[in-house]
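Just so you know, the sequences run in chain order P and H.
When you line the first sequence up against our numbering, it's residues 28 to 498, in that order.
When you line the second sequence up against our numbering, it's residues 28 to 498, in that order.
Hints may contain errors.
Said to hold, decoys possible - Keeping only pairs whose Cα atoms sit at most 25 Å apart, straight-line, the calculated DSS-like set for lysine-lysine is: (1) LYS182/P <-> LYS65/H; (2) LYS65/P <-> LYS182/H; (3) LYS158/H <-> LYS158/P; (4) LYS223/P <-> LYS223/H.
Unchecked claim - Pair ranges (Cβ atoms, derived): (5) GLY58/P <-> SER326/H: 54 to 62 Å; (6) GLY317/P <-> ARG59/H: 23 to 31 Å; (7) GLU356/H <-> GLN71/P: 23 to 31 Å; (8) ALA329/P <-> PHE50/H: 45 to 53 Å; (9) SER326/H <-> ALA329/P: 25 to 33 Å; (10) GLY317/H <-> GLY58/P: 44 to 52 Å; (11) GLY330/H <-> LEU393/P: 45 to 53 Å; (12) ARG200/H <-> VAL299/P: 45 to 53 Å; (13) ARG59/H <-> GLU462/P: 23 to 31 Å; (14) MET32/H <-> VAL299/P: 31 to 39 Å.
Since the hints were derived computationally from the structure, they do not count as laboratory data.
Think of the CB as a built atom: it goes at the ideal place given N, C-alpha and C, for glycine as much as any other residue.
Residues per chain, in single letters:
There are 2 protein chains.
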Amino acid sequence: MIDLMIPFTDNKSAPYYEQIYCFIKREIQEGRISAGEKLPSTRQLAEKLSVSRSTTQLAYDQLVAEGYLEARPCRGYYAAEVESLLAMPERSSEKMELRSEAAGEERGEEMLDFSPRGIDLGHFPFSVWRKLSRETLQEGNREFFASGLPRGEQKLRRAICDYLQASRGIHCRPEQVVVGAGSEYLLMLLWQITGKRRIAMENPTYRQASRVLRGLGHDIVPVAMDRSGMRADLLAQSDADMAYIMPSHQFPTGAVMSVSRRREILNWSAEVPGRYLIEDDYDSEFRYRGRPIPALCGSDYAGRVIYIGTFSKAVAPAIRVSFMVLPEELNRRYDEVCGFYASTVSRVDQEILARFLEEGHFERHLNRMRGIYRNKHDALLEALEPLRKEFRISGEMAGLHLLLESRRGEREETLTARAAEAGVRVYGLSAYFLEPAESHTVILGYANLEEEEIRRGVQILQEAWSTKESI
Amino acid sequence: MIDLMIPFTDNKSAPYYEQIYCFIKREIQEGRISAGEKLPSTRQLAEKLSVSRSTTQLAYDQLVAEGYLEARPCRGYYAAEVESLLAMPERSSEKMELRSEAAGEERGEEMLDFSPRGIDLGHFPFSVWRKLSRETLQEGNREFFASGLPRGEQKLRRAICDYLQASRGIHCRPEQVVVGAGSEYLLMLLWQITGKRRIAMENPTYRQASRVLRGLGHDIVPVAMDRSGMRADLLAQSDADMAYIMPSHQFPTGAVMSVSRRREILNWSAEVPGRYLIEDDYDSEFRYRGRPIPALCGSDYAGRVIYIGTFSKAVAPAIRVSFMVLPEELNRRYDEVCGFYASTVSRVDQEILARFLEEGHFERHLNRMRGIYRNKHDALLEALEPLRKEFRISGEMAGLHLLLESRRGEREETLTARAAEAGVRVYGLSAYFLEPAESHTVILGYANLEEEEIRRGVQILQEAWSTKESI
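Given only the sequences and the hints, what does the whole structure look like? Please build it.
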């Protein structure tokens, strides 16, 4: 862990939290703290510097909001990747609209964290998983400890096909499916099939995917969105030869791609040989109102859609199983170029998951979680009612988070900082843009909070945001 | 599965097995059967074509020996990757030195398979693994289902460091370790840190690694070996800026790199900034005679050795956990470039493996397996005694296979084909060369056979090889 010896200036014009914020930010920018390094906890740092814990918390929150730090649940704070940050506009400490008065108040309780990345693990079906695991780990099942098929076991790939057909309107054969330990790994395999590409991405988008794609050497072309999804006219004008999209429920905007836009995007892909679409269908399972949105892949008339799905959201993040469905041409190429890669998922885990799917446990689990998440979603929407005059709410009806856009044009930094000061963590939208962007929108994830916490959190937000307004 | 309709010629000069062999080989070479496609079983094909099963077996064995097919235990036969084969010298069917007479005899029993890739799963500690798994999958351990640390859990990385210190003479910190789902995945991450390189590889070498490295775009520079390992003079003359080596027990030759050669190779890496060595320590656990060979990484004075280890050999192939230890400079670069990649191994599996290591189960398992493998190794060596006048035996004292080089210069194709004909599968060395090479050496893996099978297999080999000689 890094030892932070922050030299406070005598000049009292800058409050402590701001000096801490500036110091750490500079250390990260100038590479003295490198990406992935762990920082002391807010408590440790507060003790060391003899300041209150809310002072250090405030500084960290701001650093998280601006993307310099990453808060990992139950783990602490880590320095974020710097390269992408250096492209962000410099936010001078003078612009920080934090209220320093509050920094003196000591708070005993934990922050209420509306993380958009959380999921509710309280209802994970431990007993079923344990039973399947016990039954798999039997002496007689020695074959599960031998090497398996490179693309993943036939049983799991068949179960995935059945699920995709029943729930996502995709008709595919197990021979088109590749199972892998996480979507990031699948993107690595995909890169080996398609080679370096110019990939259009919705802006804002899922930042982890853009990092992985950039890391693999692809060029990323940000394409703006409207309410119907990625703008097809802008895509056509771009020189991209591939597009990464989330048509069923875009992250983070929550937009659902309209039927006509789907047609336009599919036509774009079919127009020129070698164009492909990557459909990331990361959380289509959680839709609470309206008709289910079928996967784009199901309407792929030209064989241009690469479908990527995962069990990390729907089952648990620790279940490191994702899969992709390849259109015929790429599927043949996969065999040539990647056919020799051994599967990255253990056969034991594949067997457990296959049985979880086949025996109906997955469906039951999804239905249960859908109900639980719907209740949280509804509780959040209801609690947010009084804020509607100040905020435009979007992204509802599906997924695990909502967006609040300030109608008065308050900057997200102001909103996140005021919330943090009051003990609630919300997330700025700007971190998800591929290019520096000013934002007036914050994200509230609710998966990991109890309904009561959601209501309490919104209450605090309402006070924090309205009090500040009157200053 | 492929439907093979083989049009037998009326011309009876070419026996059926040869026509089958030629037909399938051409289908693969010309891309009509693509890499990874499954072929009918020898039984199915025999029924379909109305020939005896040993006829189809003979054809398949030859295709396996020449690398066109891959035999996967309990799975069947699959077409191999063609690209690497096209570079191999054409072996016309005329040169096939198979004895056609035997093709008519029906054999009821299975082939005895001296596969060098097999491992003995009969002694896998199922009950321990099941117990650890049950204890991990408890309601109270909810955290194991949340996302974990990108490099792998601290507990597992610490257990790996302890193991490396005690058994391999490597002193490293958990912060230098990256856990990943298989060595192939780690090579992908490594490529992102080092960029495209010119990588020297021992020739012959572990073919899977060369495929992966080539697939990532690296240039591969084959460097010949002598008894002390990769030749340092040839490495110095090459324009490689990285080398992939197996100093403790080279695959497939079984060579152990001498102390002076180690120094030369380490000096080569230290000479020019940016040079690195990848030390693949895939099966150092199994050494039966003489002193244990420490890892090269332990003498790495200049911070140039990337150490890669795996639990696939020592525990089970299905335990998809490998790890690498990065020297400081690359370790920092890893954080910058790859720090955001989530771990590819589930936390549940990491916890089970960490406890397997920490609680001494791994050590006990290794000691037990070492004894079992030593007995098999000794049984094979003893059984081979009578063949010593015909064959030079090498690669003994460690690992899970031996090499037999014909003193009379018989070609490996002859040896493998005659063995196959008699119901025993042995493997040619030529498949492991990076460039086309004539070989007089066959490989006998023994891990997956019982001692009695080993003795019986060698008995059959002795007869098959000596009978044929007198023809």
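Outcome of the hint check:
1. LYS182/P <-> LYS65/H: Since the Cα atoms of LYS182/P and LYS65/H sit roughly 16 Å apart, the hinted pair holds (cutoff 25 Å).
2. LYS65/P <-> LYS182/H: holds, 16 Å
3. LYS158/H <-> LYS158/P: holds, 12 Å
4. LYS223/P <-> LYS223/H: holds, 14 Å
5. GLY58/P <-> SER326/H: 54 to 62 Å: violated, 31 Å
6. GLY317/P <-> ARG59/H: 23 to 31 Å: violated, 48 Å
7. GLU356/H <-> GLN71/P: 23 to 31 Å: holds, 29 Å
8. ALA329/P <-> PHE50/H: 45 to 53 Å: About 35 Å separates the Cβ atoms of ALA329/P and PHE50/H, which means 45 to 53 Å is violated.
9. SER326/H <-> ALA329/P: 25 to 33 Å: For ALA329/P against SER326/H, whose Cβ atoms are near 57 Å apart, the range 25 to 33 Å is violated.
10. GLY317/H <-> GLY58/P: 44 to 52 Å: Given range 44 to 52 Å: holds, Cβ gap about 47 Å.
11. GLY330/H <-> LEU393/P: 45 to 53 Å: Roughly 49 Å apart at Cβ, these two residues keep to the hinted range, so it holds.
12. ARG200/H <-> VAL299/P: 45 to 53 Å: holds, 50 Å
13. ARG59/H <-> GLU462/P: 23 to 31 Å: violated, 48 Å
14. MET32/H <-> VAL299/P: 31 to 39 Å: holds, 38 Å
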